[in-house]
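**Student:** Model the full structure from these sequences, guided by the hints.
There are 2 protein chains.
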Amino acid sequence: MISYLSQLDAPSTLKDSMLYSISAGGKRIRPILALAVMESFQKDPLQIVDAVCAIEFVHTYSLIHDDLPSMDNDDYRRGKPTSHKVFGEAQAILAGDALLTESFTMITNNAFLSPEQKVQMIAVLSQAAGAAGMVGGQIEDLEGEDRNLTLNELESIHEKKTGKMLECSVLTGGIAAGASDDDLKYLKNYARHIGIAFQIQDDILDITGSQDEIGKPVGSDEANLKTTYPKLLGLDGAKKEMEKHIHISLEHLNKINGNTGILASIADYIIKRNH
Amino acid sequence: MISYLSQLDAPSTLKDSMLYSISAGGKRIRPILALAVMESFQKDPLQIVDAVCAIEFVHTYSLIHDDLPSMDNDDYRRGKPTSHKVFGEAQAILAGDALLTESFTMITNNAFLSPEQKVQMIAVLSQAAGAAGMVGGQIEDLEGEDRNLTLNELESIHEKKTGKMLECSVLTGGIAAGASDDDLKYLKNYARHIGIAFQIQDDILDITGSQDEIGKPVGSDEANLKTTYPKLLGLDGAKKEMEKHIHISLEHLNKINGNTGILASIADYIIKRNH
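First to last, the sequence lines map onto chains A and B.
Just so you know, we're using the working numbering here: the first sequence kicks off at 1 and counts up by one.
Just so you know, we're using the working numbering here: the second sequence kicks off at 1 and counts up by one.
Rather than coming from a laboratory, the hints here were simulated on the basis of the structure.
It is possible that part of the hints are untrue.
Each pair may be met inside one copy or between any two copies, as identical chains are not told apart.
[What the hints assert, rightly or not] Derived pair list, reagent style SDA-like, types lysine to any residue, alpha-carbon separation capped at 20 angstroms:
(1) LYS15 with GLY144
(2) LYS15 with GLU143
(3) LYS15 with ASP141
(4) LYS85 with PRO69
(5) LYS27 with ASP50
(6) LYS80 with ILE262
(7) LYS27 with LYS231
(8) LYS185 with LYS255
(9) LYS15 with MET71
(10) LYS188 with ASP9
(11) LYS15 with GLU159
(12) LYS226 with THR208
(13) LYS85 with GLU143
(14) LYS15 with SER156
(15) LYS255 with ILE29
(16) LYS240 with ALA264
(17) LYS231 with GLY144
(18) LYS85 with MET71
(19) LYS255 with SER180
**Tutor:** In C-alpha cells:
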C-alpha cells in the first residue's frame, strides 16, 4: 500500500495525507480476512495483495470522512490526531476521495486475476461501499444520533456501515480463489455474523477497555448518547449476543468446502481482542 | 441516471441529495463526448448509456466536494443553491462519496461490454479521477489560490482537474467502440486540446458572460484573485490561445479512421457557447 502511494504521480501534500492515514495502522481485519480466505482454499494470498489493499484504502477513506467536523467531529483515531486536525478539512476530504478512487485502480492493476474476477470484485466493492452499503449506513448513523434506536435499527446501521465491507473482504478472497456460489454464500454469512460480533465487542470495549489499548477515549459512546448493544442489552446481554453471532458464523464456516481453520481463529480473535 | 438513483436501496435523504445534484443539469459535455465517439465509429451509443452516466456521476461528485465551505465555498452552482447549502455539509460530502462509488457499480452492470472493456474503462476512469488526475488537480488549484500562476502551472492544473475527465470520456467511447490503439491516442489528444479550449472559454465567459446564462455570478474569478487565461494573456490573447487549441484538436481528429464530424462540431460548440 505504501509503495503504491509513494509511486503515485500526485501532489506531495496529497500523497502525504493519504500515507498518513494508511500508515496509522489499525487491525487490518479486512485485508487479513481476504487473505485468510485465499489460504483456506489453498491459493497463494500474495496474488491478491493489491486487491485487498484496495479494501483497506476504502476503509481508511471512510474513517477520514467519518471523523470530519461536519460528521463525527473526532480529533483522534488510532491514537493519532485525525487527518483534518493535521492537514485541514479540504485536504482530508480530498485524501479520502483519492483513496476511494485509487482503490479501483489497484484492482484493475492486478496481474493474476482474470477480467471477469476483477469486474466481480469491483462490483462487490462498489456496492459494499456505496449508497446501499457503507455510505448509506453512515447517513443512517448520523440521522439516528439524537434518538434511542431499537435493536433492529442498530443492527441495520452496523450491517451497512461496517458489515458490508467485511462481507466484501471475504467475497474478494472467495472470488480470487474461485470459490463456488454456495461457498461464497457461506463466506458472506460468516462475515455478516462476525461483523455484528465485532461491533458488539467495539461497544463493550468502549466501556471496559483502556484508552491506551483502543487508541481513543473510553466512554465516548456514553458521552455522545449513542445507542449501543450494552445500552440495549446490558453488558452481560451484549456478551451473550456476541457469542451467539460468533456461533452462527462458525456454523456457516463449517459448511465450506475448504480448510477454514484460520477463519475460525479470526472469529475467536474478535471475542478475545482488547482493542 | 435518475432511474438508477431512484431504484437504489438507500436512505431517502441520501437519494434526494444525489438526485438533487445529478438533476441540476449542466452541459453534459462528458457523456455527449463518449456517445459521440461511439457514433463516429458507427456503434450504437445506447449500449454504453450507463457507463457514460458513470462519468457524469464522477463529475457531479467533484462539483459537490469542490463547492464545500472548506474548498471553494460556493453557494450557487448551475443557478441553484449548492448541495451543502440545501442538505448540510455532512450530507453533501456523503452524496459526493456515494456518486463516486456508484459510478463503478454502473460500469460493472453494463450488459453489452466485455469484462476486458469494463476493466479498461474502470482503469481509465479511476486514474482520471484519482490522485494523479482530478483530485490532484483540485489540490494544486487550492494550493495555487493565493499566488500568481505561470501559464504552465495553470495548464497543469486544468489538465488534471478537468482535462483528464474529458480524456476519460472519449476513451470510454473509444474502448466501447473497439477503437485501435492509434485511434485511442488521437482521441485522447483531441480531448486534451478541447479541454484546454473549454477552460479558456470558461475564463472568458466569467468576464464577458451574464449570470443568467452561466448560472453563477460573473466576475467571480477576478474577485477571488484567481489566475486565468485572460489575466495572463489578455482577452484577445486568450481567444487566440483557445483557437490554437481547437485547431490542434481538429488535426488529431482528422487522423482518426472514422466519421468524426460530430466530434468536430463539439469542438466548434466550445468556442461559440455562451454558458
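**Student:** Confirm or reject each hint.
**Tutor:** Quick rundown of the hints versus the structure:
For a Cα distance limit of 20 angstroms, the shortest separation of LYS15 from GLY144 across copies, 17 angstroms, qualifies, whereas the shortest one inside one copy, 34 angstroms, does not. In the homo-oligomer, the alpha carbons of LYS15 and GLU143 lie at most 20 angstroms apart only across protomers (14 angstroms), although the nearest pairing inside one protomer, at 33 angstroms, exceeds that limit. Taking the closest pair of Cα atoms, LYS15 and ASP141 come within 20 angstroms of each other only across two copies (16 angstroms); inside a single copy the shortest separation is 30 angstroms, beyond that limit. With identical chains, the CA atoms of LYS85 and PRO69 are at most 20 angstroms apart both within one copy (10 angstroms) and between copies (16 angstroms).
For a Cα distance limit of 20 angstroms, the shortest separation of LYS27 from ASP50 inside one copy, 17 angstroms, qualifies, whereas the shortest one across copies, 37 angstroms, does not. In this homomeric assembly, LYS80 and ILE262 never come within 20 angstroms of each other (Cα to Cα): the closest approach is 31 angstroms inside a single copy and 54 angstroms across copies. In this homomeric assembly, LYS27 and LYS231 never come within 20 angstroms of each other (Cα to Cα): the closest approach is 25 angstroms inside a single copy and 51 angstroms across copies. For the homomeric pair LYS185 and LYS255, the shortest alpha-carbon distance inside one copy (10 angstroms) is at most 20 angstroms, but the shortest distance between copies (51 angstroms) is not.
In this homomeric assembly, LYS15 and MET71 come within 20 angstroms of each other (Cα to Cα) only across copies, at 18 angstroms, whereas the closest approach inside a single copy is 23 angstroms. In the homo-oligomer, the alpha carbons of LYS188 and ASP9 lie at most 20 angstroms apart only across protomers (19 angstroms), although the nearest pairing inside one protomer, at 36 angstroms, exceeds that limit. With identical chains, the CA atoms of LYS15 and GLU159 are at most 20 angstroms apart between copies only, with a shortest distance of 19 angstroms across copies and 31 angstroms within one. Proximity of LYS226 and THR208 under a CA criterion of 20 angstroms is satisfied intra-copy only: 16 angstroms inside one chain copy versus 53 angstroms between copies.
In this assembly of identical chains, the alpha carbons of LYS85 and GLU143 lie at most 20 angstroms apart only when taken from different copies (18 angstroms versus 24 angstroms within one copy). Proximity of LYS15 to SER156 under the C-alpha cut-off of 20 angstroms is restricted to the inter-copy arrangement: shortest distance 18 angstroms between copies versus 35 angstroms within a copy. For a Cα distance limit of 20 angstroms, the shortest separation of LYS255 from ILE29 qualifies neither inside one copy, at 22 angstroms, nor across copies, at 52 angstroms. Taking CA atoms no more than 20 angstroms apart as the test, LYS240 paired with ALA264 passes inside one copy only; the shortest distance there is 18 angstroms, against 68 angstroms between copies.
In this homomeric assembly, LYS231 and GLY144 come within 20 angstroms of each other (Cα to Cα) only inside a single copy, at 15 angstroms, whereas the closest approach across copies is 50 angstroms. For a Cα distance limit of 20 angstroms, the shortest separation of LYS85 from MET71 qualifies both inside one copy, at 14 angstroms, and across copies, at 16 angstroms. Taking identical chains as interchangeable, the C-alpha atoms of LYS255 and SER180 lie at most 20 angstroms apart only when both belong to the same chain, with a minimum of 12 angstroms there against 48 angstroms between chains.
In terms of the numbered hints stated before, the structure departs from hints 6, 7 and 15, listed from lowest to highest.
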